Each structure stands twice: as C-alpha cells, then as structure tokens.
Amino acid sequence: MKGTRAIIISIFIHGLFISLLAGLAYMQIVRAKYYGDLSRNNYIRVLPLEAPRGVIYDRNGVKIADNILSFDLVLLPREIKALPADIERLADALSLNRVELAGRIAAAKNVFEPLVIKSNIGKSEAIAIEEKTAGLAGITVNTRPLRSYPYPSASSALGYLGRLAEDELPRLKRYGYTARDLVGRSGLEEYYDSYLKGTSGGIQTEVDSRGRLRRVLGYKDPVKGKDIYTTIDARLQKAAAEALEGNNGAVIIMNPGSGEILAIMSSPAYDSNAFVRSNKATVKHYIDSKDRPLFNRAISGEYPPGSTFKAVVAQAALENKKMSADESLECTGAYNFSGQNFKCWKEGGHGYQNVKQAITHSCNVYFYKVGRMLGAEAIYKEADAFGFGRKSDIDLPYERPGLLPSPTWKAKNKKARWYDGDTVNFSVGQGFLLATPLQVLRMMSASAAGGRLARPYLVYKIEDFDVSSRYAETVDISSGVTKTIKDALRNVVADESGTGRKAAVTGVDIAGKTGTAQASKGRPHAWFTGFAPVKEPKVALVVLLEHGGKGGSNASMIAGKLFSVARDLGYL
Amino acid sequence: MQFNTLRRSDPALPALTLIIMAAGLAVLYSASHNFGSQFLVRQLLWIGLGTVFISLILFINYYRIAGFSYYLYGFNILLLIAVILFGSVRMGAKRWLSFGGVSFQPSEFAKITVILALARYLGDIDRSDFRPGHFFAAAMIAFFPVLLIMKQPDLGTSLIFFPILLVMLYWKGVDIRYILSLIFMALAAAPIGWHLLKDYQKSRLLVFINPNMEPLGAGYTIIQSKIAIGSGGLFGKGWLAGTQNQLNFLPERHTDFIFSVAGEEWGFMGSCILVLLYLMFIKKVFRIAESSSDGCAGLTAAGIMTMFLLHVVINIAMTMGLMPVVGLPIPFISYGGSWMVASMIAVGILLSIDSLNRA
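Chains as they are written, first to last, in our numbering: chain V, 1 to 572; chain R, 1001 to 1359.
No lab work stands behind these hints, which were simulated from the structure alone.
It is possible that part of the hints are untrue.
Claimed, not checked - Using C-beta positions, here's what the derived DEER-type ranges look like:
no., chain 1, residue 1, chain 2, residue 2, range
1, R, His-1033, V, Leu-96, 40 to 46 Å
2, V, Leu-213, R, Phe-1099, 31 to 37 Å
3, R, Ala-1093, V, Thr-4, 37 to 43 Å
4, V, Ala-85, R, Ile-1179, 48 to 54 Å
5, R, Val-1089, V, Arg-40, 36 to 42 Å
6, V, Ala-85, R, Ser-1088, 40 to 46 Å
7, V, Glu-130, R, Leu-1078, 55 to 61 Å
8, R, His-1033, V, Arg-212, 52 to 58 Å
Note that this is a predicted model, so its numbers are computed, not measured.
Ideal Cβ placement from N, Cα and C applies to all residues, glycine included.
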C-alpha cells in the first residue's frame, strides 16, 4: 500500500503530534503562572494562630477581661469527604445530627481549610472526643485563646466582640485585620481595639493531598495585645449592676475632681461572654429585645435632665448677679404669663423661697422666674460651660452630645422664634433640652469641684504607658457661689424637706439634686445626681431610671445604696 | 538466527524503545518511590519478560507467527471468556486472570492477536476482489473481542479496536465507501453504547466536558493532572521535586497519569522531548509498514502503529484534559505488566518484519 493513503495517514499522524505539542506549549508556557499558582495553593497552607487580646484590669488589678484556653474540634473536609461512614461515626461520637453534619461538611467552601465543628468544648470533653474519634482521619482538637469576662457586670464598660463584617474588611485590612478576626463592637473593647488586638501569627506548612502536614516552612509567633488598666472598680460596678437590676436606666460613678470613672452601668445589662461563646439565642435576644440591652444609656441615652438642671440655672443667676443668695421669690404653685399657666410640682406652692430653699425643694416657680430674668442666652452659655450639648470625649464609643437648645438653634432647626415659654421650660431642664446621664454627672461634679469640669475617662495606663493626664475645662464660678450651691445641694439630701432625702447615708455628708423629667410618653424619667463628701468630694454619681417616676423616690434610694457601698469600700 | 535477524534490522526502533523505557523508569521511580521500590522492581521484571518474548519472536520469525494468527486469536478469545467466568475484580473492573500467583490482562494481548488475525485475513484477500462479505468478516474479527472486553468493563481498550480496524482497512486499500459506512455505523451505535456504559464511565465522559462538575470526584484527577503539567512550566520542577506528584495530589500517577509526572518535573522541555521521541518511534513503525512488500506484514505493522499512536495521543491528551479519561496507558512508561509485555511483543513483531523486509 503506497501513495496517497500513506501520505494522508502520515499527515494525520503529524497533525496529532503537533496538536499535542501546541497543547503542551499552551499549558506549560502561556498558562504556566496560572497553573503554578494553583499548584502552590494546593500544597502551601497557612494555619493562623490567633493572638490573645490584651487583658483589661480594674483599678485594683483585678482582671475584668481576660483570655482562657478554648478547645475547638476541627475537621479537614478534604479528608473526611471521601468517607461517608466516617461522618456518621463522627456525628455519633459528638451526638450531632448526621445529616446536618454531612451538610456542613459538603458546604465547606475550601476543602483544605479546617472546619470548626464544635467550638469551645471543655478540656475533659476534648479528651473524651479524641478518644472516641481515635482512628478517624482529619479530626483534631485545636486550641485558641478565648476572651473571657470574669465580671459580666462590667459589660457596659467593656463592650463585646464580634466578627468583622465583610464591608469593613477593605478599610481595616491595612491595619492588620483579617476576615477571621474578632473586633471590639462596643465599650472599651471597641475604643481600644487597636491596642487590645494582638498580631496574629501563623504556621506556613507544606501539606500533602490529604492535608497532612509534611513540613513547616515558616512560623510566626502570635503577639499578644497590649494590656489596659482602667479606673473601674469591679466591686462598685457589681453594686451598680445589682442596684439597677430590673430597671431600664443607667448609673455612673466618677471621681468628680479627676474624671476617673469608677463604675458605668446601663440596664438591662448584657453578658459580653455570650458573644465570644457563640451563645446564639442569648445574642439574638440582646439584639431583638425592645429594652435594647446593647444600648449604653449612660453615654448614648438622651433625656431631658429635668430639675437636675436647676443647679446650672441657679449658678448662672448667682454668677450673673441676677439674684443674690438671700433674695426670695414667691411660689404660689403656678406661674402665669402671657396667658400660659406653668405649674409648680407642689400644689399650693412653696411660698417665698430663696435659692437654697428653691433647690432644696426643687421649686419650679422660683426657677421659672429666675430663668426669665436670665434669658435663654445666659442659660445656654452657662449650660455650655457645664458641658451640655457636646460630647465629653470619654474613652468609650457611641457617646451622644445631647441637645442644648438656644434661640439660634431653634431658628435654624425649627424655623421658629424662641418664645418666653421656651425659656421657662428651659430653666427647669425641660423643653428641647436633652442630656446624657454622663453630662448630668459631669455638671454635678463641676458644681462639686468649684467649676472644674473634669474630662471623664476609664483608661489610665496602656501597658506601661501612662495615659491618665486629661486636660480639664473650667466653668467660671466664684467660690462664694460654689459654697451656696453646695449648701443647697446638701440640704436636698440632708434637710427634712429635701427632695433627695432617700439618698442619705449615715456618716456620709452627701449633696445632690433630684429630677423628675417629663417623658414624651409614659411615666417621667427619674434622676438623682450627687456627690460626697460635700467638703472634699471624692465620689460623684448619677442615677437615671427611665420612666422611674419621681426622682426623689427610687433614683434617690439607689443613689443612697451606692453611696453606702462606696463608704464601705473606703471611698468615703 | 536471532542475531542475524537483529543485525539486519534498523537499530533506530529498538534504540528509541530503550530510550523511552529508560525515561519511563526514571518517571516511574519518581512517581512511586514514596511507596517503596516494588513498582520499579516489578516493572523491570516485566521488561525482562518482554525481552524474552522479543527474542522468542525473532527466533520464530513473523511469518511462522502469522501462520498461527487464527489460533492465537481463538486462544485469546477463550482467555477473555475465562476473564468473564473466573476473572478477579480489581478497582471495580474484572480484567485480570490469575494463574498460580501471576495475573495478567488478556484484553491487552487481544490488541495484538486481533491485529495479527485481521492482517492475516485481509492479507489473503485480493484488493480488487474485496466484497461486503469480507468487510463484515473483518468487522466480526475486530468486534467479537470488543463485546467481551466491554463486559469487563474496559472502555478505552474496547474503543481502540475500532480505529485499528479502520486504519487497517484503509491501509489495505478497500473502497472508501466501506470506510465511510464503518464511521457511520460507529456514530449510529454511539447512543446505544452510551446506555450500555456503567455510571462511572458516564461520569468520566461528562466530567471531561466540565471537570469542575465534580471537583473531588471524577473531575479531581483531571484538574490535578492539568495543574501538574501546567505548573511544570518551561523547565519543570526537577526530578523527584514535583509537588503535585510527591505530595500525592495526582491519583493513578504511576499508571494512566504518569505523563503528568514527567510534565511537572521535566517541564515543557522534557515533555516535548518525550512527545518527539514517540513521534520518531511512530514514524519508524510507519516506515516499516510502508516498506513491507508482503501485504500481511504491512497490515500488521500498520495495525500496531495505529495501536501505539492511539495509546500515546489519547493518553497524553487525557492528562492535559483534552480528552475524556478512558484508561489507555502510555507505551513503555505506564506501570503495568500486561501492557508492557504486550507492547514489547508488538515491538518484537515489528523488528521481525523489519528484518524480513531487509532480507
């Protein structure tokens, strides 16, 4: 057989071989990088080593946020995938649903990435599982640091941790965050996240097709985050939590001179441990509850300050010489002007009241009149000096500025003129005025400290670095005015007729002011804010009870309880 | 006599065979040394056995063997039936016959005996006298063993008989209409054949169309093989240094997918040289077929050439993901006794024909 058929066969043979060579050239030259990357992805694994976060201490060196060792049961999907019988055995050993477990393994995106089957199992359970799954390929128990909060009552200050959301990653990537990282979501954990967060380490390994370690190519130690030292007293914090139990409200206890926060509590409380231990039902409750446990009322809640604001108005009046300490005004139980009738809380009125009496009895009419004498601008200026209407720059996230109104503000935002009625409301802490409990406390502390408006803070030391120096502002108040006001505030608690009698604690010289702030609906909010001892204040506090009724009642009682705890702890 | 025949024949064919075998042993060592030396030792043993067969064939000489063609064919049919009756099952297929501890695959030898029988049958017919009856008889010779082999099941081996018959008829010079009707019949039979396939065979064919359909199942081998070859790049990762190979990412890498190992470790340079060596080998066989004055010998050589050509091209294309995984080993390199011995027998027959051509 010779001729054309042989030639055709020969062409055919050469054509086949040229195709093979062309295919090889395409794969091994043109696409070499693509396949090279795929091959490296195959055999190089990076096992991340989570770094422990920095420890958070209270003022006495007690750990309020710590790390414990957590045992996670992990599985290599690639290894187990081929063996359905293994999945059944594993499910039985862990008393998990077979179908569900198989589904989770099947859903694993990267079959080489270890899949956490059960996280945070106990040490004894870990050992038991290791025994039960002996001989099953691809199942191991990994250890990692787990955040733990020995004092759940400190959660309002500490905040909680959460996984990084996908849209945050691009922004945070250059700060060393990865998709697996837990970040602070509130409180100190969020505010100081960049310090607390450690640097993850990792082991770069060469693995075979079943994901088994062949050799270690590189190792990077995880670096623990920086420890932070707070001014919180875990014992006071616990007392505050217990005192607020069952109420929606907030308590802050602070050193009025320095601004050191001793306790900061928002109620209903939450337990930060629930977030890191994947306690899904509890977390869901925190998120869904209409009482909003995750909302920090102490710094983010904005309420009318009510009568607590009278301390500001009184100081404005005395300082501006609109009134003297001895001058009295008559309260007939109501105040009429331009056809409107503004009532005092006491039917029949207080009679003639000087400033001390007006504060002691929380007489509205006295302040209506004084407020009108002062005018809105003067009250605004004084309130601004006392820190209303702006953030205190406390080292916690999500602080709200409240709202300090003024005629200019009203014109701009409400497109309306400021009426005298607005001034009347303003002078008793109602109307447009909104303040956070922290602002009310700060004002009271400044009144106690002769006008020194401290900057509140929680962290005084990061690792070895002192960060306690915070510059304080001053409110221009003469010492005479301060004395008058402090005397009046003492009477609120000490005097038989004072509205804050229930805050009294034997052996402690306490001053304060109650407030009953009209809420837009429901019962009024109850306030008490005060300090002790009157002469040299060491502790100032604020209690707010949402819809708590009269400030003289429950709020004062809680304040009294906390003062007595502070006394027992040696603060007073 | 042996030595005379050897001296007469072209040294290029045995030389190419030896070079490819040597390269194959190096690749096999790299692919299997993690599991001990038994693969290499046994492969060497089979090469030794193959050498004995080559000597035997040269001693007997091709014409005498051609005389036994039908007997050899008949004997092989009996062996294939024996496989169905008494064969041992390995990896889900019944392909092996065991005799006192030695097992082999009669289907690998069927390729040779079918070629010998077809060559004998077609060689005896005068081209001008070729009639439909001859065509059907030739088709029967080729397809009877196919039925037995499909039962094992062995898709690759069964499919290879069809192009062998096609090329041999074409080589014989029969009317082109016979060739066309054969192709038409094959196309018509394809849908029926699809239904006869086992599920794993179907999934292999489907996976060829989309390997990512089952990245951990049937598609896994194709994906890993492509990664191995592609990541070899121009110069390869070095002998014993292929990560796909050494870290077990490549399944079946000592048998059907051994070319991927060569591609990964020796790169484009190495795999190119290997492909060109095969091309030279095939061209030598082509030359032998072409220079045969005898019709029967020429047809035998053409059949063997087709067999080797298909094994080489389909195997390499399969490792590159260009063809479905059908399980055809690559000659002289893939690990496996029956195929190695059968290939060497084929080389022996070619050498014998070549020496007779030059006599």
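- Message: If I claimed the Cβ atoms of Ala-85(V) and Ile-1179(R) lie 48 to 54 Å apart, would that claim hold in this structure?
- Response: Taking Cβ atoms as reference, Ala-85(V) and Ile-1179(R) lie about 52 Å apart, which means the hint holds.
- Query: Lying within 55 to 61 Å: is that true of the beta-carbon distance Glu-130(V) to Leu-1078(R)?
  - Reply: holds, 57 Å
- Query: Are Ala-85(V) and Ser-1088(R) spaced within 40 to 46 Å by their CB atoms?
  - Reply: violated, 25 Å
- Falls inside 40 to 46 Å, the C-beta gap from His-1033(R) to Leu-96(V)? About 41 Å separates the Cβ atoms of His-1033(R) and Leu-96(V), which means 40 to 46 Å holds.
- Could one say that the CB atoms of Leu-213(V) and Phe-1099(R) fall in the range 31 to 37 Å? Given a distance of about 44 Å, which is not inside 31 to 37 Å, the answer is violated.
- Message: Looking only at beta-carbon atoms, does the pair Ala-1093(R), Thr-4(V) fall within the given range of 37 to 43 Å?
- Response: Given range 37 to 43 Å: holds, Cβ gap about 41 Å.
- Item | Distance restraint evaluation - His-1033(R), Arg-212(V), Cβ atoms, bounds 52 to 58 Å | Violated, since His-1033(R) and Arg-212(V) (Cβ atoms, about 18 Å apart) do not stay within the stated range.
- Message: For the hint 36 to 42 Å, verify it against the beta carbon of Val-1089(R) and that of Arg-40(V).
- Response: holds, 39 Å
In this structure, the hints that do not hold are numbers 2, 6 and 8, in rising order.
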